[in-house]
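Visitor: Residues per chain, in single letters:
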Amino acid sequence: MIANFVLAAAAAQDSATAAAPSTAASLSWLVIAVPLVSAAALLLAGRRADKWGHLVGVTAPSAAFGFGIWAFIDLLARPVADRVQDVDLAPWLTAGIGLDFGLRVDQLSLAFVLLVTFVGTLIHIYSIAYMAHDRDRRRFFAYLNFFVAAMLLLVLANSYLVLFVGWEGVGLASYLLIGFWNQRTDYAVAAKKAFVANRVGDVGMLIAMMIMFAQFGTLSFEGVFGAVAAAAAAGGHTGTLTLIGLALLLAACGKSAQFPLQSWLGDAMAGPTPVSALIHAATMVTAGVYLVVRSGPIFEHTPGARLAVLIVGAVTLLYGAVVGCAKDDMKKALAASTMSQIGYMMLAAGLGPVGGVFAIMHLLTHGFFKAGLFLGAGSVMHAMRDQVDMRRFGALDKFMKVTWLTFMMGWLAILGVPPFAGFFSKDKIIEQAFVAPDGQLWQGWVFGLVALFGAGVTAFYMSRLFFMVFYGQARWTDDQHPHESPALMTVPMIVLALGSVGLGLILTLVGFEDYLAPALVEGHHGEPVMNAYVIMAATLALVVVGAWIAWVRFGSAKAQVPVLPPAADGLVRAARADLYQDSLNDLLLVRPGQALVQVSAKTDEQVVDGAVRGLAWLFQGVGGLIARLQNGYVRSYAATMLAGVILLVAIILAGRI
Amino acid sequence: MSPASLAALVAPVALVAPPMPPANVAPGGVATAAAGAEITINWVTLSPVVIVLGAAIVSTLIEAAAARRRPRPSGPAQPAYLRPLQAGLALVAVAAAGLMALRLALEADKSMGLNGDGAVVIDPVALYLQLAVACCALLALLVVADRTVQGESAFAPQAAAVPGSEYEAKARQRRLSQTDVYPLVLFATGGMMLFPAAGDLITLFVALEVLSLPLYLLSGMARHRRLWSQEASLKYFLLGAFGSAFFLFGAAWVYGATGALRLSGIAAAVQSPTGLDPILVVGVVLMLVGLFFKVGAAPFHSWTPDVYQGAPTPITGFMAACTKIAAFGALLRIVYAVFQALEWDLRPVLWTVAILTMVVGTVIGLVQKDVKRLLAYSAIAHAGFILVGVTSLTAEGLSGSLFYLFTYGIASVGGFGVIALVREVDAEGHMRGEATGLDQWRGLGRRSPVLAGAFAIFLLSFAGIPLTSGFVAKFAVFAAAFGAGAPALAIIGLACSAAAACFYARVIVAMFFEPAPGGEAAVGAAAEVGAAGLAGSALAGSGLGGSGLGGSGLGGSGLGGASPGGLGADRSGVGGSGLGIGVRTLGLTQIAIAVSLAFTLVLGLVPGWFLHFTQELSQLLS
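Chains A and B supply the protein sequences, listed in that same order.
Just so you know, the working numbering puts 548 at position 548 of the first sequence, and the rest follows in order with no gaps.
Just so you know, the working numbering puts 9 at position 9 of the second sequence, and the rest follows in order with no gaps.
One should not assume that every hint holds.
Ranges between beta-carbon positions, derived for each pair [claimed, not checked]:
{"id": "1", "chain 1": "B", "residue 1": "Arg446", "chain 2": "A", "residue 2": "Ala132", "range": "20 to 26 Å"}
{"id": "2", "chain 1": "A", "residue 1": "Gln440", "chain 2": "B", "residue 2": "Ala488", "range": "30 to 36 Å"}
{"id": "3", "chain 1": "B", "residue 1": "Thr352", "chain 2": "A", "residue 2": "Gly217", "range": "27 to 33 Å"}
{"id": "4", "chain 1": "B", "residue 1": "Ala95", "chain 2": "A", "residue 2": "Thr59", "range": "43 to 49 Å"}
{"id": "5", "chain 1": "A", "residue 1": "Arg48", "chain 2": "B", "residue 2": "Ile591", "range": "27 to 33 Å"}
If you are wondering where the hints come from, they were derived from the structure by calculation, not from laboratory data.
This one's a predicted model, so the numbers in the text were calculated from it and none came from an experiment.
Cβ atoms here follow ideal geometry from the backbone N, Cα and C, with glycine treated the same way.
Assemble the whole structure, with the sequences as input and the hints as a guide.
Guide: Printed below as a string of structure tokens:
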């Protein structure tokens with residue numbers, strides 16, 4: 001791949017709508033190449049590199065971040081109309097698919113580049129200390145670097161096919177990192193579950209790509225969006241576009257752990273905590289949102305698929321929030337929260353271009369505060385001997401001051417308390433959700449109220465988490481001596497906490513909306529069905545109520561948090577069991593699948609054979625001759641073939657009649 | 001294009017005329033003149049097939065001459081030069097045939113189209129398929145010719161010996177080797193190169209048998225687990241005869257309906273309805289059944305797992321790659337010859353078979369516990385995916401299928417090459433036969449990282465993960481199906497390939513993420529054997545290698561197939577108990593693996609030029 005990049009870095013070309021790329025843009029392949037080369041070097045160097053491998057591993061994303069800044073400044077210096085730049089790197093499937101291996105540098109992709117490299121760098125630094133005692137730390141850094149490269153390829157791609165390469169790459173990295181501690185069987189099982197869910201999503205992606213290719217003959221963003229616009233103008237293809245939209249949504253659900261493919265994310269917490277922070281909170285799981293926003297020109301013309309996106313987002317945001325309320329495993333509670341927050345983003349992305357801007361904005365702020373929360377959780381685990389059960393924490397605020405304070409910033413941010421980051425992004429999404437599209441009043445009310453209610457539940461479960469860990473009585477097991485983590489861990493946490501405090505305000509002040517909007521389809525602001533200030537006030541009131549309930553039950557000095565989960569009513573039990581997601585999957589997918597496997601295998605083994613054997617018994621009764629001649633399974637194989645011939649001839653004759 | 005205009009394009013040279021000038025190598029039909037009795041043969045265009053079959057005959061004669069020497073009671077039983085000579089001859093012949101096919105393909109007159117007339121039609125597609133067969137056969141021959149450092153090949157020392165008999169023990173002791181393998185492989189390769197070029201029904205059938213008969217024999221020659229191998233051979237033979245009978249029966253019906261043996265004649269005859277249509281259609285379907293059997297399409301697939309598992313692994317790789325290419329070539333030729341007239345009849349048949357094949361291969365593959373058997377089911381599923389390309393019956397579909405055949409063939413030679421190298425080590429540290437049980441592969445990534453890594457890449461390619469050739473191939477055939485208005489077929493294919501990815505992933509997980517069963521002790525034993533292998537290598541090099549490990553092949557598991565229906569009895573596979581570890585050999589297999597790995601990655605990273613090539617071929621269709 002590197003050879004490809006190097007080979008044709010010079011082959012950059014102009015294209016119809018995308019502007020000629022600047023120097024910075026045409027060198028953007030370096031952003032991907034640097035971490036990729038670093039990953040390869042770390043893997044190939046072997047144990048020799050154990051001593052210094054992590055330093056190389058940290059340098060790569062930092063260098064990529066530095067480059068990202070350059071490209072970003074370069075982009076800002078260009079006139080708004082020229083900011084979308086396509087860079088063709090190498091002919092790839094030129095003959096077959098008419099596609100060059102190219103990158104698209106624009107407002108959207110650069111926002112992601114900065115997020116991925118910046119948060120990525122911090123998490124790399126954190127990992128130096130977190131993984132210090134792991135003898136495979138070098139390999140860990142190699143995988144992380146590989147992940148960063150694949151994620152950057154995903155967001156920088158200028159066609160669905162190249163995006164898909166990155167898409168599979170991040171899946172592979174996620175798979176490798178979830179199973180990093182593969183000594184434990186349940187961890188390997190978790191990795192497998194993630195793999196399967198992702199494959200289901202991939203089928204969606206492939207179906208979308210193949211329909212696009214069959215219909216439009218191209219897979220590049222430019223070509224597809226152009227053809228979609230032309231087709232929509234001609235008034236045709238609505239069904240096809242809806243199909244493409246639904247297939248893309250399926251892909252997004254697999255990658256972003258959205259309903260009904262969400263079950264893998266909780267199990268994915270088996271991976272090391274920095275992985276949970278980077279991949280399963282800040283970046284990879286948001287790729288689905290990116291995909292939907294990027295495909296805005298397609299969704300624009302298909303209200304059906306858009307409604308499906310809205311429903312998926314709304315269901316997931318409630319689902320994650322409810323599950324988050326009942327989890328005692330700190331990381332799984334955070335995972336449920338991630339699911340729910342991505343549900344918000346998905347909802348926003350389904351609202352159209354204006355919502356898309358806020359989806360991306362929430363994605364950025366969420367990337368900061370959720371990564372911060374995960375790193376805080378890792379710090380707590382570090383101090384408590386890898387304990388994750390929140391019922392075994394409590395009163396840690398006095399022992400881990402930095403962790404406590406940074407965690408608090410993240411907590412306030414996710415609650416959406418002004419002026420913390422989440423307020424600016426999440427509140428906007430809730431407001432947008434109340435906007436009724438195309439006069440569909442019910443949509444505005446339903447999705448608005450769901451988003452509003454979700455905010456209250458979020459406040460409850462996040463406060464529950466925060467209070468159970470840091471307040472109340474100490475419920476530690478005997479041999480635990482909590483202590484603050486080393487500076488290598490706390491500094492990234494502090495930086496992310498600063499982002500949790502200020503990023504929302506900064507993005508709003510510098511006009512992120514105006515920056516991003518030109519890269520998306522043109523949209524118009526609609527009026528929410530309820531006054532915006534009323535919505536804001538209602539949201540804040542619900543947040544306060546949720547947090548207050550959590551304080552009374554889990555935080556105040558009087559609150560008694562039992563060490564063992566108490567017996568609970570049906571809803572809580574259901575929530576503890578992920579709302580029976582696994583059982584449902586088992587019932588709907590696994591069991592029928594297994595049944596199909598067994599039936600097929602048995603048919604293959606026994607039915608045909610049994611029929612022959614039955615025949616043999618018949619003959620045996622007569623003379624016992626045939627049975628003696630049968631000495632193996634060839635008879636049943638031959639019978640299968642004969643049956644096949646009869647089947648095919650029957651099909652033909654049936655067609656003739 | 002009508003036969004008449006073809007006749008003008010083709011420049012046949014009379015057999016009695018002086019040798020053809022080299023400038024006049026435009027590949028054309030090796031045609032018989034339509035009216036005259038004089039037969040004209042263009043030998044140059046036939047040369048790939050002639051070289052291979054000629055070498056096969058020479059190789060047989062060498063074998064006969066060598067057998068005339070009565071072995072002395074002591075000392076080597078065979079002349080020392082015999083094996084290198086036979087292997088070298090086979091490799092050179094196949095390589096020369098491949099080069100010749102390449103040269104002809106590059107010079108081919110593209111204006112000729114694909115509907116040539118003649119008993120043998122050497123058109124660009126035929127040349128492409130011959131080239132593909134030659135490439136895969138060359139790699140497979142490297143695996144066939146390889147031996148462990150103890151001098152043990154994959155083949156029985158004396159295939160005619162009764163397993164477990166004293167005669168066999170003696171043959172083993174005297175370090176005999178079955179060098180007939182090489183002429184047999186050459187004959188099969190010759191048949192495979194003729195098959196996709198056959199232009200009439202008789203030639204088709206002859207080629208079918210020429211390629212099949214040696215394979216039946218070769219399947220029964222495994223060194224280890226000989227009863228399985230012989231059982232596989234017998235099954236393959238019986239069912240193959242059954243399949244061939246259908247083919248022949250169908251050919252007779254087609255001849256009856258059209259009065260023509262030539263495919264071109266049949267194509268012309270089906271244009272004008274005669275009222276004999278039902279006979280024609282049933283005949284075509286019966287012929288297709290014979291070919292479906294060869295490619296392992298459901299419901300004619302049942303032999304595949306047993307034969308793939310029982311046959312010597314190098315032969316399995318050879319069969320998986322080359323038979324599939326050849327048989328699909330013939331299938332394409334027949335389908336495209338009669339398709340236009342019979343579209344409405346054939347489409348449901350092809351659809352049914354394609355869907356059944358994909359589903360059966362994938363679903364039953366999911367429960368396999370034996371790596372070789374798993375790849376056999378994977379081969380079935382892949383036959384289904386290729387059928388999706390064939391079924392779309394468009395230029396894109398043809399191009400995709402041709403690309404798929406080549407990439408899949410190359411990757412499967414490599415994949416089976418890896419299996420041939422992973423041997424079983426028991427608790428005492430003895431090296432036994434191949435370790436094909438999935439449990440035995442656990443932790444292979446630590447014991448033999450390079451081998452495991454290579455296998456992982458082949459599996460990723462089979463699974464269709466981007467940046468491997470398998471992805472490009474799948475994309476090409478499924479996109480063609482979408483384009484041809486068969487989205488249902490493509491979606492079923494995608495779902496199957498997603499499900500199939502799970503069983504490939506299981507092998508990768510076993511190799512890299514699961515600890516070896518039996519813990520460290522077993523690993524230690526395995527490592528020791530590896531070291532012993534190194535030492536053995538030095539000994540063998542100096543001609544002093546003892547028969548030490550060579551004779552331990554018929555362990556307990558060697559007789560595992562003794563019960564009736566042995567291979568069928570435990571369908572999900574068996575495998576011994578020892579750990580698998582990469583064995584040290586002369587290095588030929590490693591070369592084959594490296595080459596197929598390179599193809600898999602290069603065609604995954606930069607497939608453009610190759611796709612362009614297959615697309616150009618498929619443009620000739622119209």
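Visitor: Against this structure, judge whether each hint is valid.
Guide: Hint-by-hint comparison with the structure:
no., hint, result
1, Arg446(B) / Ala132(A): 20 to 26 Å, "holds, 24 Å"
2, Gln440(A) / Ala488(B): 30 to 36 Å, "holds, 33 Å"
3, Thr352(B) / Gly217(A): 27 to 33 Å, "holds, 30 Å"
4, Ala95(B) / Thr59(A): 43 to 49 Å, "holds, 48 Å"
5, Arg48(A) / Ile591(B): 27 to 33 Å, "holds, 28 Å"
The structure is consistent with each of the numbered hints, conforming to all of them.
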